[in-house]
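**Student:** Residues per chain, in single letters:
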Amino acid sequence: MLMQVEGYQRAEHEDIFDKMFRQRKLIFHDQKQWDVKLVDDEYEIDEYDRDDTCYLISFDRRGELVGSLRMISTAMPHMMSGPFKKMFPDIGFRSPLIWEVTRFVVLGDQSVQPNRVSTAACELLLGACQFGLRNGIRHMTSVYEPGMLRLYRRCGLPNPELARHRTERHGSVSVGLWEVSEALEASILAATSLGGFSADDRQTPRAA
Amino acid sequence: MGVDDDILGLATLGIHDLLRFEKNPSVDDFTEVVRKILDGYGLRNAVYYCPTFRSRAMDDPFLVVTYQPEWVSHYIRSNYAAVDPVVNIGARSLLPVDWSRFDRSNRKVVKLFNESREAGVGAQGLTIPIRGAENGMWALFSVTSNDSDVEWARHRRQIVADLVLIGHFVHQKAFELHTSGEVVDLNAITRRETEALAWTAEGKAIADIATLMHISAETVKAHLDSARFKLGALNRVHAVAKAIRNGIIS
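Residue numbers (our numbering), protein chains in the order written: chain S, 36 to 243; chain B, 3 to 252.
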């Protein structure tokens with residue numbers, strides 16, 4: 036099950052936010068050893084986790100939090116206009132119709148779709164597309180590692196690559212762009228076998 | 003100009019109207035431009051509300067309204083901004099919000115919506131929250147419609163992206179009115195955005211520009227969307243006109 040929350044709702048959903056930031060710490064700090072900031076040594080939170088930041092959070096059947104992603108309008112300060120700017124000098128999207136996806140995490144989901152991708156990852160990608168359709172967003176952009184391409188392909192997303200950058204410590208990273216469209220939604224639905232939902236059925240569900 | 007322009011209902015508002023509007027507009031000029039945009043989309047009313055410009059406040063916002071003046075003064079006199087869920091949510095969220103989603107369990111909110119309906123505001127409503135260009139600055143752009151629920155569900159989905167653009171455009175112009183100088187951010191425009199603008203000025207369609215620039219049509223659209231926002235323009239024709247005027251392309 037997917038839930039959509041905005042940063043300003045943090046007090047209202049404190050447990051969920053805490054779990055999400057803890058899971059991000061496990062992945063980005065402990066496992067990937069990215070240079071990320073920690074709060075209280077326990078939560079991975081940075082300056083892009085603001086009131087106007089939007090999150091999709093995935094829960095499994097037991098109600099455990101098994102994944103999340105973060106979305107920010109490129110009309111506001113975002114990672115491509117901040118820490119990633121040096122890596123991709125030719126790309127500087129700024130538009131309320133173009134949103135940036137970062138901090139895509141899936142951890143501990145036992146459920147797998149027929150495309151051999153975890154249900155949480157499939158739901159989050161579909162959810163981002165439907166979020167875009169609901170909110171008048173035309174493109175999603177993201178910085179990703181090459182390993183993500185196979186996942187995108189299995190979930191029905193086209194190859195999004197715009198530019199690539201080689202880093203010293205973490206191999207290469209790419210910046211990608213997807214058009215948000217009903218055709219993309221149909222493609223993800225078909226590839227992930229996540230039938231039964233349309234974007235309008237998922238209006239800000241309440242906490243699980 | 004490329005025929006595949008991206009923003010729909012602007013047949014009622016030409017490039018000359020836009021360029022004329024941009025020269026030191028009065029509040030009446032704003033209302034006229036917004037009224038023309040509404041006509042192009044078959045919408046009933048619109049209100050742009052910004053309490054956060056310097057010298058403005060919650061009870062003294064910069065307002066562009068197409069409602070009856072009686073409703074505006076009644077709204078202000080009743081201090082409805084304090085209970086209005088449009089203001090309450092719009093001030094915090096960045097996502098377009100449909101008025102049908104508001105919790106109607108509060109009696110004051112029900113009274114507000116009933117009275118607004120009687121005043122001819124419109125049966126349906128959608129609010130676009132806007133942030134920037136300075137820290138702490140926010141504004142709301144709302145439109146209303148007399149569509150039925152079924153019609154509105156479809157219509158809203160078709161026009162929401164355009165309304166996001168229009169809301170930001172009105173906000174950029176209103177911001178310019180409250181500062182000296184323009185919001186145009188010339189330094190932020192990238193080499194690829196300039197290229198895409200230049201080909202658009204040559205009359206190339208998106209598909210041709212994609213071939214010329216060796217990128218996908220989607221990427222061309224994103225570069226043009228981005229350039230448009232940085233230039234404070236409403237559509238691609240307008241973005242090209244402003245790019246030429248600012249010497250970004252010739």
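Keep in mind the hints are simulated off the structure, nothing from the lab. Cβ atoms here follow ideal geometry from the backbone N, Cα and C, with glycine treated the same way. Please note that the accuracy of each hint is not assured.
As the list claims (entries may be wrong) - A short list of chain S residues far from chain B (calculated; beta carbon distances all over 10 Å):
#1 Glu-99
#2 Pro-124
#3 Arg-173
#4 Pro-181
#5 Val-208
#6 Gly-230
Stated by the list, open to error - Across the chosen pairs, the derived CB separations fall in these ranges:
#7 B:Ala-209 to S:Arg-96: 39 to 47 Å
#8 S:Pro-193 to B:Gly-249: 35 to 43 Å
#9 S:Lys-121 to B:Gly-122: 48 to 56 Å
#10 S:Arg-96 to B:Arg-247: 55 to 63 Å
#11 S:Asp-75 to B:Arg-109: 36 to 44 Å
**Student:** Taking the hints in turn, state whether each one holds.
**Tutor:** Verification of the hints:
1. Glu-99: holds (27 Å)
2. Pro-124: Since the minimum Cβ distance to chain B is about 8 Å, S:Pro-124 lies within 10 Å and the statement is violated.
3. Arg-173: With a cut-off of 10 Å, S:Arg-173 comes too close to chain B, as the shortest Cβ separation is near 6 Å.
4. Pro-181: holds (19 Å)
5. Val-208: holds (18 Å)
6. Gly-230: holds (20 Å)
7. B:Ala-209 to S:Arg-96: 39 to 47 Å: holds (45 Å)
8. S:Pro-193 to B:Gly-249: 35 to 43 Å: holds (37 Å)
9. S:Lys-121 to B:Gly-122: 48 to 56 Å: holds (54 Å)
10. S:Arg-96 to B:Arg-247: 55 to 63 Å: holds (58 Å)
11. S:Asp-75 to B:Arg-109: 36 to 44 Å: Given about 42 Å between the Cβ atoms, the range holds.
The structure fails hints 2, 3 (numbered hints given earlier, in ascending order).
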